[in-house]
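Residue numbers (this note's numbering), protein chains in the order written: chain R, 5 to 147; chain U, 5 to 147; chain W, 64 to 163; chain X, 64 to 163.
Derived from the structure by calculation, the hints contain no laboratory data.
Check each hint, because a few of them may be wrong.
16 angstroms max Cα-Cα, derived EDC-like pairs, lysine to aspartate or glutamate [what the hints assert, rightly or not]: (1) R:Lys127 / R:Glu43; (2) R:Lys127 / R:Asp40; (3) U:Lys49 / U:Glu92; (4) R:Lys25 / U:Asp40; (5) U:Lys25 / R:Asp40; (6) R:Lys119 / R:Glu53; (7) R:Lys49 / R:Glu92; (8) R:Lys49 / R:Glu128; (9) U:Lys127 / U:Glu92; (10) U:Lys127 / W:Asp95; (11) U:Lys127 / U:Glu43; (12) R:Lys25 / U:Glu92; (13) R:Lys127 / X:Asp95; (14) U:Lys127 / U:Asp40; (15) U:Lys127 / U:Glu138; (16) R:Lys127 / R:Glu138; (17) U:Lys25 / R:Glu92; (18) U:Lys25 / U:Asp77.
With the Cβ distance kept under 8 angstroms, some of the chain U side facing chain W (calculated, not the full set) [unchecked claim]: (19) Gly36; (20) His83; (21) Ser94; (22) Ile115; (23) Pro123; (24) Trp125; (25) Lys126; (26) Trp136.
Every residue, glycine too, gets a C-beta built ideally from N, C-alpha and C.
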Amino acid sequence: MIVELTSDPIDVPRLIDHVNKPSNGGICTFLGVVRDNAEGRPVVKLGYEAYESMAVAQMRAIVEEAIQRWDLDAVALSHRTGELQIGEASVAIAVGAPHRAEAFEACRYIIDTLKTRVPIWKKEFFQDGAVWVEPVSSQPSAG
Amino acid sequence: MIVELTSDPIDVPRLIDHVNKPSNGGICTFLGVVRDNAEGRPVVKLGYEAYESMAVAQMRAIVEEAIQRWDLDAVALSHRTGELQIGEASVAIAVGAPHRAEAFEACRYIIDTLKTRVPIWKKEFFQDGAVWVEPVSSQPSAG
Amino acid sequence: MMAKTKPPPSAPPLVAPAAISVRVLFFASVADLMGERRRNLRLTAGATVADALRDMAIDVPELAARAPHVSFAVNESFVSADAPLSNGDELAVIPPVSGG
Amino acid sequence: MMAKTKPPPSAPPLVAPAAISVRVLFFASVADLMGERRRNLRLTAGATVADALRDMAIDVPELAARAPHVSFAVNESFVSADAPLSNGDELAVIPPVSGG
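Throw the hints in and build the complete structure from the sequences for me.
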């Protein structure tokens with residue numbers, strides 16, 4: 005299992021290699037990449053800030069939930085911090101499973117859950133300013 | 005759009021780069037990889053045979069269906085032919101979309117549909133023989 | 064073999080049914096069964112895919128048993144067994160696919 | 064400030080409530096609001112997360128308005144606002160997350 009925060013570009017082939025075990029028949033990956041706009045407004049770059057120790061702990065907990073639920077033996081999850089340019093990957097997930105249904109479902113679970121409770125924050129930089137993105141629906145609940 | 009059959013190893017980063025457009029925020033990829041067993045029986049290697057011209061035409065039709073349905077502008081689909089070793093990718097799909105739901109759904113649609121109607125056949129080689137894999141449920145219907 | 068008979072002088076001359084030529088492709092388990100990957104087949108005009116199968120099953124009777132379990136394509140489009148064939152068509156006999 | 068009074072000789076000595084020290088972390092928009100990324104806070108024993116927020120809102124009143132829209136973690140686990148704090152705890156004020 006790879007679970008990491010990194011300020012360097014994410015090495016996607018390394019994550020795929022990590023989950024490519026002889027017993028696996030399908031690998032699903034998801035990359036979040038920096039879009040050139042936010043609801044139509046041109047974006048210049050992004051910045052990601054993390055509560056690093058807790059973010060890694062939450063990422064590991066989510067991966068372990070997925071491993072349990074879909075009986076996986078190979079998951080890799082990497083999230084960038086710092087400044088990112090258009091087209092760079094902010095997050096990469098690779099899930100290997102004997103069959104494809106589990107690979108797709110677990111990969112989707114990990115990105116969906118990461119977005120609700122991993123303490124990482126995105127700042128969008130526009131030509132004329134910058135804002136922290138704060139989704140209304142993403143507040144984690146206690147416990 | 006990349007749609008191809010190839011007897012060389014699939015270059016996954018090339019497919020991901022192809023769908024990484026500035027307007028896309030999420031990229032979902034699926035790789036089918038050669039498992040070391042078929043329902044528990046050890047597999048030595050695989051062979052893939054295709055009705056090449058029709059397979060490419062069907063793959064292109066499936067990709068175009070996905071592009072229409074999910075309003076995508078970036079899809080890549082590559083399928084291997086010939087002999088494959090354990091761990092090699094037999095098929096790779098990359099789908100870029102503004103948001104992740106579309107990327108996941110379109111990627112899943114493409115692999116599921118490919119398995120029902122693209123004229124490609126897999127031969128499993130065991131220690132003591134080889135068999136063509138012929139799923140009972142995979143028969144395409146007319147039209 | 065038909066008996067050679069001369070038409071009665073008052074009747075119009077018999078027109079022999081036109082023949083069509085079709086290229087047939089075999090793949091995977093069906094290629095193994097047929098012992099070849101393609102053949103050219105001459106059929107009477109109006110013949111269907113099913114007629115072509117019946118014709119080929121004369122040489123390879125096992126093909127008749129496979130027929131319910133295979134699909135067919137004419138010129139790279141899936142068709143049903145009752146589809147008519149035309150001169151120059153490419154007919155593919157497609158066992159259950161297993162790509163991916 | 065409490066008036067300095069001597070306890071009456073017959074009564075048991077008054078025990079001043081014990082103080083606890085908590086480290087508070089701020090992130091993203093909350094760090095911008097606070098103008099800092101961390102501070103140490105002294106609170107009376109038994110204080111909750113909400114008490115800590117009230118204490119900090121004395122300096123930065125805007126924090127009170129943010130309180131309903133943020134989450135809290137103590138020692139890297141999410142907790143609710145009524146969770147008690149202990150000496151040495153690390154309290155994080157977590158604005159809505161937007162990773163991925």
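Consistency of the hints with the structure:
no.: 1; hint: R:Lys127 / R:Glu43; in the structure: holds, 14 angstroms
no.: 2; hint: R:Lys127 / R:Asp40; in the structure: holds, 13 angstroms
no.: 3; hint: U:Lys49 / U:Glu92; in the structure: holds, 10 angstroms
no.: 4; hint: R:Lys25 / U:Asp40; in the structure: holds, 9 angstroms
no.: 5; hint: U:Lys25 / R:Asp40; in the structure: holds, 9 angstroms
no.: 6; hint: R:Lys119 / R:Glu53; in the structure: holds, 14 angstroms
no.: 7; hint: R:Lys49 / R:Glu92; in the structure: holds, 10 angstroms
no.: 8; hint: R:Lys49 / R:Glu128; in the structure: holds, 7 angstroms
no.: 9; hint: U:Lys127 / U:Glu92; in the structure: holds, 15 angstroms
no.: 10; hint: U:Lys127 / W:Asp95; in the structure: holds, 12 angstroms
no.: 11; hint: U:Lys127 / U:Glu43; in the structure: holds, 14 angstroms
no.: 12; hint: R:Lys25 / U:Glu92; in the structure: holds, 10 angstroms
no.: 13; hint: R:Lys127 / X:Asp95; in the structure: holds, 12 angstroms
no.: 14; hint: U:Lys127 / U:Asp40; in the structure: holds, 13 angstroms
no.: 15; hint: U:Lys127 / U:Glu138; in the structure: holds, 9 angstroms
no.: 16; hint: R:Lys127 / R:Glu138; in the structure: holds, 9 angstroms
no.: 17; hint: U:Lys25 / R:Glu92; in the structure: holds, 10 angstroms
no.: 18; hint: U:Lys25 / U:Asp77; in the structure: holds, 9 angstroms
no.: 19; hint: Gly36; in the structure: holds, 5 angstroms
no.: 20; hint: His83; in the structure: holds, 6 angstroms
no.: 21; hint: Ser94; in the structure: holds, 7 angstroms
no.: 22; hint: Ile115; in the structure: holds, 6 angstroms
no.: 23; hint: Pro123; in the structure: holds, 5 angstroms
no.: 24; hint: Trp125; in the structure: holds, 4 angstroms
no.: 25; hint: Lys126; in the structure: holds, 4 angstroms
no.: 26; hint: Trp136; in the structure: holds, 4 angstroms
Of the numbered hints listed earlier, not one is contradicted by the structure.
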